[in-house]
Amino acid sequence: MPVRIQTEDFDIAREIAALRGSDARIGAIAAFVGLVRDINDAATVNTLTLEHYPGMTEKALDDIVDQARARWSVHDVLVIHRVGELKPTEQIVLVIVAGAHRGEAFAACEFVMDYLKTRAPFWKKEQTQDGERWVEARASDEKKAARW
Amino acid sequence: MITLVYLARLREALGAPAEKIELPVEVGTVAALLAWLRQRGGPWAAELAPGRAVRVAVNYDMAQADTPLKAGDEVALFPPVTGG
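In order, the protein sequence lines correspond to chains L and D.
Numbers 1 to 148, taken from the working numbering, label the letters of the first sequence in order.
Numbers 1 to 84, taken from the working numbering, label the letters of the second sequence in order.
Rather than coming from a laboratory, the hints here were simulated on the basis of the structure.
Remember, predicted model here, so these are calculated numbers, not experimental data.
One or more of the hints may lead you astray.
Said to hold, decoys possible - Listed below are the simulated EDC-like cross-link pairs for lysine to aspartate or glutamate, each with C-alpha atoms no more than 20 Å apart in a straight line: (1) LYS144/L with ASP63/L; (2) LYS144/L with ASP114/L; (3) LYS125/L with ASP61/D; (4) LYS125/L with ASP41/L; (5) LYS59/L with ASP61/D; (6) LYS59/L with GLU74/D; (7) LYS87/L with GLU132/L; (8) LYS70/D with GLU22/D; (9) LYS125/L with GLU90/L; (10) LYS125/L with GLU22/D; (11) LYS20/D with ASP61/D; (12) LYS125/L with ASP63/L; (13) LYS87/L with ASP23/L; (14) LYS70/D with GLU12/D; (15) LYS59/L with GLU22/D.
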């Protein structure tokens, strides 16, 4: 399964080991982990709640992974995204790309994250000292995705 | 019938996670559906006003203003995504 939506945490070392297996064609693995920060837009974040649109989320992420594989010659891609309540320092998202060479692995990993942030149906709500608020989408994320 | 799904901030503002509606004959596209929903007034008119950032997916695929609608579709309305 290249795409997983889950409430549980993930172990990056275990996921990399499972992805690479004993495949000797793999010469490069690029990985990205997104984390919950304790400060966002000048407010202290106590809890972050992530919701998604079941059904569409998996389809959107599968499509992003397919596009990455079509654009770069990479052997394997894994995306794990957590949902539910998360605290600062917790892991939110993991993308791992395994390929023959680092250039393609780096590029494909960044592409998957840029597209995930602008196309996959997840929403964040922050519980701060001043109450709850939905996180607003950033124009800078759209710009990053438009580079590809 | 079509199923309307409201997500994240829109679900809270509109006060419901989903509803089933009979698709009026004059509502053939996403743009027409938004215009029809706006006529309900109140939060519908405010949240779906032209210029507000509302994204629409039809049967789990991102849709455009001219995307056609038909009976049995699942149409989701939501704000711009903020995952990752």
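Each hint tested on the structure:
no., hint, result
1, LYS144/L with ASP63/L, "18 Å, holds"
2, LYS144/L with ASP114/L, "6 Å, holds"
3, LYS125/L with ASP61/D, "23 Å, violated"
4, LYS125/L with ASP41/L, "13 Å, holds"
5, LYS59/L with ASP61/D, "8 Å, holds"
6, LYS59/L with GLU74/D, "14 Å, holds"
7, LYS87/L with GLU132/L, "14 Å, holds"
8, LYS70/D with GLU22/D, "10 Å, holds"
9, LYS125/L with GLU90/L, "15 Å, holds"
10, LYS125/L with GLU22/D, "32 Å, violated"
11, LYS20/D with ASP61/D, "19 Å, holds"
12, LYS125/L with ASP63/L, "25 Å, violated"
13, LYS87/L with ASP23/L, "36 Å, violated"
14, LYS70/D with GLU12/D, "26 Å, violated"
15, LYS59/L with GLU22/D, "27 Å, violated"
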